[in-house]
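Keeping their order, the protein sequence lines are chains A and B.
The first sequence begins at 112 in our numbering and counts up by one.
The second sequence begins at 291 in our numbering and counts up by one.
Treat each hint with caution, since some may be false.
As the list claims (entries may be wrong) - Stretches of chain A that chain B covers, calculated by requiring three or more beta carbons in the stretch to come under 8 angstroms of a beta carbon on chain B:
1) 136-150
2) 264-276
3) 291-300
4) 317-328
Stated by the list, open to error - Sample of chain B residues at the chain A side, in silico, Cβ under 8 angstroms:
5) P364
6) P374
7) R375
8) E542
9) R543
10) T548
11) A552
12) D567
13) F568
14) W578
15) D585
16) V634
Read the hints as simulated data drawn from the structure, not as lab findings.
Backbone N, C-alpha and C define an ideal beta-carbon position, used for all residues, glycine too.
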Amino acid sequence: MKPRLAVLKFASCDGCQLSLLDAEDELLAIAGAVDIAYFPEASREYLDGPYDVTLIEGSVTTEHDRNRLRQIRQDTAMLVSIGACATAGGVQALKNFGNVDDFVSLVYATPDYISTLSTSTPISDHVRVDFELRGCPINKHQLVELIAALLVGRKPNIPTYSVCVECKARGNPCVMVAHGTPCLGPITQAGCGAICPAYNRGCYGCFGPSESPNTDSLESWWQSLGVGDDEWIRTLRTFNAGAPPFVEAGAKTEARR
Amino acid sequence: MAHIIDIDGLDGLIASLKAEFDVIGPIVRDGLIRYGPIGSVADLPRGWTDVQEGGSYRLEPGNTEALFGFVLGPDSGKTNLFPPRAPMWTYREGSFSATPDSTRPMAIIGLRACDLAAIAIQDEVLLNGPYVDSHYAARRSQLFIVAVNCTTFATNCFCTSMNTGPRLESGFDLGLTEVLDDHHFVVHVGSEAGASFLAGLDQRQATSDELAEADQLIDITANSITKRLDTTDIAQFLADNLESPRWSAIAERCLACTNCTAACPTCFCTSPVDTTDFDGSAARERVWDSCFSLDYSYMGGDPVRSSGSSRYRQWMTHKLGTWIEQFGTSGCVGCGRCITWCPVGIDITEEMAAMRAEVLAKEAR
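Here chain B stands alone, though its shape is the one from the complex (with noise of 0.2 angstroms):
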């Protein structure tokens, strides 16, 4: 069953959850998509498009009045809910007191499905192992979700290889599907919480002509992608192939600047800094790291993991191979985010497509 709102519909949305949360959205920002805080429909980004490839995202004006026309930008849920920068405790005069998420409860608008599906995965990492992260699992649990259904996509996006969209499953408290004909949504509910603030709202039943015509739009999003990642026994292939000669070539192109991890609606590596005061007071915070720099694999005086190859190996191999074993799901929601915004543009579905291709032609001699 679905609910048809349109645009005043979804103003009446955002109004009234600002009543309950902080309202977060997608906006434009230094020319790109961000997230950021939302007052009204006015806010989001009407009528624009992206436009990415390799290490290149340019937002241009679209030809439609489209308010999700576009894709995505480097934000995901991980910009809002597993932030760069967290206390964690602080020390005075010879007691520790644990530093408390004081974050109002957020609602987050214009999330995807693979940025539901990266939800998830660190829900599975950061909070149902045997350590909960109490920051996480505070944001996590006050959330509000109103996800879009994808119908547009970037060359960068290979989602429909991961199995994690472009079509909403699940995740989400109310899920959107934007129709430009007579501009309107429609609305699944995904949530009791989602049915409560649907009902609020000016809305009617979808007709099954309504509905087919929001899932034909999914369904051609769907059949556009190409960018395509070959997971077969991807965990095995990877860990038989750690000697590969493709590691040192990727690594003559990786900069290891991190931003393919800052980036990824997944990497959760952190650091703990801590820090003293000249009055004796001490700190430390959770402090976003990365397997691509030197520190993070600093053990017994020198880092583990120093040439390049084999910092990008051990980020690709967890990604797509390990992650599995680990955690039961790839750690990769195939968002393409890591090839964008790759300043040099290395693209793991291209690196993953050439080392399997090394690997059957060496087979073929």
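Pulled out of the complex, with its shape left as it was, chain A reads as follows (with noise of 0.2 angstroms):
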């Protein structure tokens, strides 16, 4: 019997999900090789659990959102989070930066009617996560990597090094020495393929913190490049910027402030 493959969302965009649909060229082999039993992205065939492995997109914002998770955790075998939201808590974890009854009562009409938390958190910090794809989005060729390891019991080929070693791979030059642009690239993970320097921009640090992020040393750099407090900050949070690397660079940074 193939393995059920459920790819579900939490606080998100959708497009994570989007990735695996756009993984054109291998889109046959994966719908051969497992059973799509639970993708509303993609099918209005709703089958129910256990599956052998979850995809889950977003972040934690709700209690009832916290619930189902809980029980999504009991029907899988394997729960794989995919995306800056379920790693990090999205660019939507900004919230956790202020006082969120704040924001609705400036954007909704009637805020009685929302019920959220008061922060957005990541999948892990409420279950066992098996394995975390980083990315805003994630990357489809590390998705069909993460597929293709899991069905043959492999450890996935997900590095967790900076964007600096996929740039130099690339044949990028670095943008920060050869052009004085900020970069996140080398306290950022690898994975997206170091698109932006390969188009002479800094990286934006959509795949979150590398493995052993200098932030220090960066924003140190950064300063001397006429980077000044306030936009570094703004940097650190942006996809991100829940990741506890970025949160504990920025509030070093407001504390001296």
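Using the supplied hints, reconstruct the complex from the two chains, each of which is provided in its own coordinate frame.
Take a look at the structure:
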């Protein structure tokens, strides 16, 4: 019997799930190798669990989410969170730095209708996660690699080193060295293929902190390139705002100001 | 004995090399000097020069018409001889087959003395040990090198400390010195293949004055290089200072990004990466790795070198110290790429000097 796959979401934009549908060259092979049992983004057929592998996109932002997640964990053998929302809380984790009641009263005509947690948190804050795929969005080649690895029971080739490794392997020059462009690559996990530096832009940190991010050193070099505290903090607080090394680095700078 | 060719002669050389080789040379791309395919002299970076500092590289218009008026970019011989990824083997339906290197013979124009020293070091590691890297061997055996003497230098150059430059000594097929007065090249022949290509060009014997003029340009370069690395008993010094507080000081700045190892023309560490496909086939690639990545020292459930200081120490003590015992020479050629291409400008010569100064100060107390 083929392994049963579920793909579902919490608070997120759906972009990471779409990466699976975007894997056009491999999609038929994947569909042949696994039984896609639950994938509302792609199919009207909803088959009940248990599932062998569940890919979860999105972050936890409501009490309802939290309860639903516990049930999903019980229904699946392997749980893989995919994307910056599921692994770090996503861009919506910006609310972790403010007062959520203030936002709600500004945005909604009837704030009473809104029931939300004060934070946006990754899946792993609530249940045991077996593997995480980073990125905003995830990289489809990494997703295909993960599924291929799970099918034969080998370790997936998902490196945790910095974007710089991919950048140099791709033949990009270092945009910080060659052009003085501030780049988050040295503290960001590889996986995207170093897209932005390939187009002479600095890395935006979509894949979150690398395995041993030296945020202090990069911050002081950015200062020498003319980047102020506000811009540094803002850069840390984007897609992976809730990732602990980025949270700590931003807080350190804020405390110093 | 040396010969003289002019710019048309160099163009003729490129044209005749093209018949037998993929010709690769310095070009301007993304605002810096890279090595890429060239078709004629017109592709060379005429009039450009590079300004290098720790963590900074800028290409600027020079004040001459020199074709080789720059020093070096991030690329070296390694870029083409030992590329970041290489297919090793494939597996299908119960049988393995090795994937041979399929590159056409290459001619590389523009390598400097330090680059040739680096190729000699990679030869020692990848060809002369008990396990030959067949991909490197295939590319290396068909390689034709047109090297260039340095008549300019960058602030991060320290080849004079490592005895690797700036003068070409060996390891080339043809060696050029660019002379801007009556724009011409003094050509030294380094191999029979080089001699036969030169014979087909419009060339003449160099006069002793022309030779002396070219030689003087290289002397001026050598004397202008001020960056120094003190190599006195360096392997023993590093072995004696494995617990130096300097390692932690470096680690405060080091990003462990791996840029130094990627830019280094001798760093050769790789990992095998195995993949499987949905049809049951599999493949292995040889992929650049780095002693700065955690996974590189992963053993028995944890990385052996988890701290930044231990990773930098591993790189520097190997490059400058234990390499000598392992391969008979230093692993450093003094090209300065690790200094220029470090995003935060860590300078291996400064760190070495600081460590020696700390030891001296301690001994004086």
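Restraint: D585 of chain B near chain A, CB-CB cut 8 angstroms. Satisfied or not? holds, 7 angstroms
Should the interface hint for V634 of chain B be scored as holding, given a Cβ-Cβ cut-off of 8 angstroms against chain A? holds, 5 angstroms
Any CB of chain A closer than 8 angstroms to the CB of W578 of chain B? Cβ of W578 of chain B sits 6 angstroms from chain A, so the hint holds.
Status of the R375 of chain B interface restraint (C-beta, 8 angstroms, chain A): holds, 7 angstroms
Hint status (Cβ of E542 of chain B to nearest Cβ of chain A, threshold 8 angstroms): Holds - the Cβ of E542 of chain B comes within 8 angstroms of chain A, reaching about 7 angstroms at its closest.
Would you say the stretch 136-150 of chain A counts as covered by chain B, given the rule of at least 3 residues with C-beta under 8 angstroms? Holds, because 5 residues of the stretch 136-150 of chain A bring their Cβ atoms closer than 8 angstroms to Cβ atoms of chain B.
Measuring from the C-beta of D567 of chain B to each C-beta in chain A, is the shortest one below 8 angstroms? This interface hint holds because 7 angstroms falls under the 8 angstroms limit.
Can R543 of chain B be said to touch chain A, with a Cβ gap under 8 angstroms? holds, 5 angstroms
Given T548 of chain B was flagged as interface, is its beta-carbon under 8 angstroms from a beta-carbon of chain A? OK, holds: T548 of chain B within 8 angstroms of chain A, min 5 angstroms.
Report holds or violated for chain B covering the stretch 291-300 of chain A, Cβ cut-off 8 angstroms, minimum 3 residues. Coverage by chain B holds for the stretch 291-300 of chain A (5 residues, Cβ < 8 angstroms).
Mind checking, does the stretch 264-276 of chain A have 3 or more residues with a CB under 8 angstroms from chain B? holds (count 8)
Tell me if A552 of chain B is really an interface residue toward chain A, meaning its C-beta lies closer than 8 angstroms to one of theirs. holds, 4 angstroms
Every hint from the earlier list agrees with this structure, and none is contradicted.
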